[in-house]
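Novice: Sequence:
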Amino acid sequence: MNHEWVDDQGTFEALITRAAKAERIAVDTEFHRERTYWPRVALVQIAIANDIFLIDPLEVDLAPFAAVLESDTLIIMHASSQDLEVLDRACGVLPRHLFDTQIAAGFSGMSTPSLSSLVERYVGVALPKGDRLTDWFERPLRPTQQNYAASDVLYLFDLHDRLTEDLRKRGRLRWVAAECDPSNWYTKPALSVEFAWTRIKEARHLRGQARCVVSVLAEWRERAAQNRDLPTRFILSDLALVGVAQRAPRTSQDLKGIRGLDGRYLKQGASDEILSMVQKGLQRTPEDVPTLEIDEGPKLDKELRAAVTLVSAWVSQVAKDEELDPALLATRADIVDVLRKSKDARLSNGWRSDLVGTRIQDLVTGRASVAFDPQGGLVLEPRFDP
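Oh and the sequence shown: position 204 is 204 in UniProt numbering, straight run, nothing missing.
FYI, nobody ran anything at the bench for these hints, they're computed from the structure. Glycine included, every Cβ here is placed at the ideal spot set by N, Cα and C. Treat the hints loosely; a few may be bogus.
Distance ranges between label pairs, derived from CB positions [unchecked claim]:
1. T285 <-> G109: 46 to 54 Å
2. G109 <-> K341: 29 to 37 Å
3. G124 <-> S183: 34 to 42 Å
4. T331 <-> T285: 26 to 34 Å
5. R139 <-> V370: 53 to 61 Å
6. A49 <-> R264: 46 to 54 Å
7. P140 <-> K341: 54 to 62 Å
Let the hints inform the model, and build the full structure from the sequences given.
Specialist: Right, here's the structure in full:
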């Protein structure tokens, strides 16, 4: 597979000039984050017309690529969420115009398809299988590694053409453009540290003072991991964090014997920090704990449970009838949001509102009801007062 390896700044900046003038380019990244908090980019693949370039970020400053991301050039990617985090950290900006082939495929009824499955379906080519143990920081990369990396962008133009043709026939290009716009869904990881405790399964079951403590500890751990660029487990394991929250130790001696908390977590004054966070948590009231509205299914308002079940069933039917990925149309959280009349509910805005949001309001206000059609599917029918 023909491609050019780029490891000097001059060549890269000439490439940037060309890319910024192109109508579209294809982009992918290879990165590792096993031993860091932030993803470390090891390779950037770019396709322009019939040329593929492998950019070595160990030798090249990626920051000037921001000019391309902010230009009118369409950036074509697949399953872009993690790649966007990489580009955001490297360049400080996100693409102005993004076409994500995985998102686009969802509007044709496919559920989060892999790149290989899309290429095989639309292009009829089997992509080379990657080695998930590949060290992308290895230099030089072997020819097989380079070919695999290049294949990630080789067919993105073909997929863009085929998917665009299909979506134009379905009248969904505007839907896809809105859904691919990163400003509608991308959130910088650092902005959600206060909700870190909700991402720990065992922590969500805690109540009372233990929940207060775990929320403070989890936020402290998240910030420490970000500042030191280490995985959160390197700061404090989930098991140890929950154990500390349950016992609320007050002295270093109290820390001993807590399951999952061993000496490596208590080095360099960490025990004092942990005890300080425990005290801070004990001063917090349950009402002060940052809580995502939908983080606890069992505590969903009783009066909403039946409505959520009913609406979920109908929305799934709509997704099937419209050949949409059900998860793309609406998650359970989206349904809870719209039933709670949240001002930011996704189902109350854009294409989702047009397709299901307004009709959900008809259902919950009694202006419509759900019934079975002759084929056993669910339909929404208007109700008429006798």
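Novice: Hints first: check each against the structure and report whether it holds.
Specialist: Do the hints match the structure? See the list:
1. T285 <-> G109: 46 to 54 Å: About 48 Å separates the Cβ atoms of T285 and G109, which means 46 to 54 Å holds.
2. G109 <-> K341: 29 to 37 Å: Holds: the Cβ-Cβ distance is about 30 Å, inside 29 to 37 Å.
3. G124 <-> S183: 34 to 42 Å: Given about 35 Å between the Cβ atoms, the range holds.
4. T331 <-> T285: 26 to 34 Å: The hinted range 26 to 34 Å holds for T331 and T285, with Cβ atoms some 30 Å apart.
5. R139 <-> V370: 53 to 61 Å: Check passed, 60 Å falls within 53 to 61 Å.
6. A49 <-> R264: 46 to 54 Å: Hint holds: Cβ distance 52 Å, inside 46 to 54 Å.
7. P140 <-> K341: 54 to 62 Å: Check passed, 58 Å falls within 54 to 62 Å.
In summary, this structure violates none of the numbered hints.
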